[in-house]
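Here full-length UniProt numbering is used: position 12 in the sequence shown is 12, and no number is missing along the way.
Hints are computed from structural coordinates only; laboratory data are not their basis.
Note that the structure is predicted; figures quoted are calculated from it, not measured.
Careful, some of the hints might be misleading.
Ranges of calculated distance between the beta carbons of each label pair, as one might list FRET restraints [said to hold, decoys possible]:
| id | residue 1 | residue 2 | range |
| --- | --- | --- | --- |
| 1 | Arg80 | Gly11 | 42 to 48 angstroms |
| 2 | Phe39 | Gln9 | 25 to 31 angstroms |
| 3 | Asp13 | Ala55 | 17 to 23 angstroms |
| 4 | Thr105 | Leu72 | 18 to 24 angstroms |
| 5 | Leu37 | Gln125 | 37 to 43 angstroms |
| 6 | Ala61 | Gly135 | 32 to 38 angstroms |
| 7 | Asp4 | Leu72 | 33 to 39 angstroms |
| 8 | Ser51 | Val119 | 46 to 52 angstroms |
| 9 | Ile12 | Gln126 | 23 to 29 angstroms |
| 10 | Asp143 | Phe39 | 22 to 28 angstroms |
| 11 | Asp153 | Arg8 | 26 to 32 angstroms |
Backbone N, C-alpha and C fix where the C-beta goes; we use that ideal spot for every residue, glycine too.
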Amino acid sequence: MLFDAICRQHGIDHILTQPRSPTTTGKIERFHRTLRLEFLSGHAPFADLKSAQQALEEWVAFYNTARPHQALQMATPASRFSADPAAAAATAPMPPVEGCSQERTGSHWVSRRVTTNGVVCVSWQQVSLGRHYSGSRCDVHVDGQLLRFYIGDVLVKTAARNSTGEVRNKRALRTSTEP
């Protein structure tokens with residue numbers, strides 16, 4: 001508890017790794033090893049916190065944009081973030097969808113009810129919207145490679161489709177037109 005109090009006093013968020021998540025822990029430990037070997041080992045002590053922060057930010061920029069990574073077949077992490085068409089479409093500005101504020105009928109709309117754990121299933125694909133939406137009616141616009149999830153007139157989430165097959169059961173049995 002004392003450690004957490006000291007962290008809060010200095011504006012530091014103490015974030016713990018979730019139990020039974022070895023992949024996350026391994027990634028963090030591997031990054032810390034790289035940080036020690038490449039950044040701290042050949043560096044003289046820093047004069048102050050500001051110069052240490054500046055040097056660290058410069059190293060992180062180099063690490064992500066210029067340094068090749070063996071696990072990425074000698075590519076840089078920044079080069080791997082060039083989006084594929086589905087991801088680019090998911091982040092692109094959304095064109096207006098017909099019927100957004102009107103009745104959502106038609107071949108591209110599907111109606112579902114958000115499950116108690118916050119998941120909506122469309123064409124065997126499960127997408128988490130969050131538990132706070134459980135029980136809500138969710139209208140899904142199926143548009144080529146994308147699924148757009150609306151609760152009311154609010155776009156809650158956009159996800160890339162895993163399959164291109166026809167979506168069956170357009171109106172789920174337990175879904176009604178009530179909000």
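Do the hints match the structure? See the list:
1. Arg80 - Gly11: 42 to 48 angstroms: violated, 32 angstroms
2. Phe39 - Gln9: 25 to 31 angstroms: Because 26 angstroms falls inside the window, the suggested range holds.
3. Asp13 - Ala55: 17 to 23 angstroms: holds, 22 angstroms
4. Thr105 - Leu72: 18 to 24 angstroms: Between Thr105 and Leu72, where Cβ atoms are some 46 angstroms apart, the hint is violated.
5. Leu37 - Gln125: 37 to 43 angstroms: holds, 41 angstroms
6. Ala61 - Gly135: 32 to 38 angstroms: Distance hint for Ala61, Gly135 is violated at roughly 45 angstroms.
7. Asp4 - Leu72: 33 to 39 angstroms: holds, 36 angstroms
8. Ser51 - Val119: 46 to 52 angstroms: holds, 48 angstroms
9. Ile12 - Gln126: 23 to 29 angstroms: violated, 36 angstroms
10. Asp143 - Phe39: 22 to 28 angstroms: Since the Cβ atoms of Asp143 and Phe39 sit about 45 angstroms apart, the hinted range of 22 to 28 angstroms is violated.
11. Asp153 - Arg8: 26 to 32 angstroms: violated, 39 angstroms
Violated hints, listed in ascending order, are 1, 4, 6, 9, 10 and 11; each of the other numbered hints is respected by the structure.
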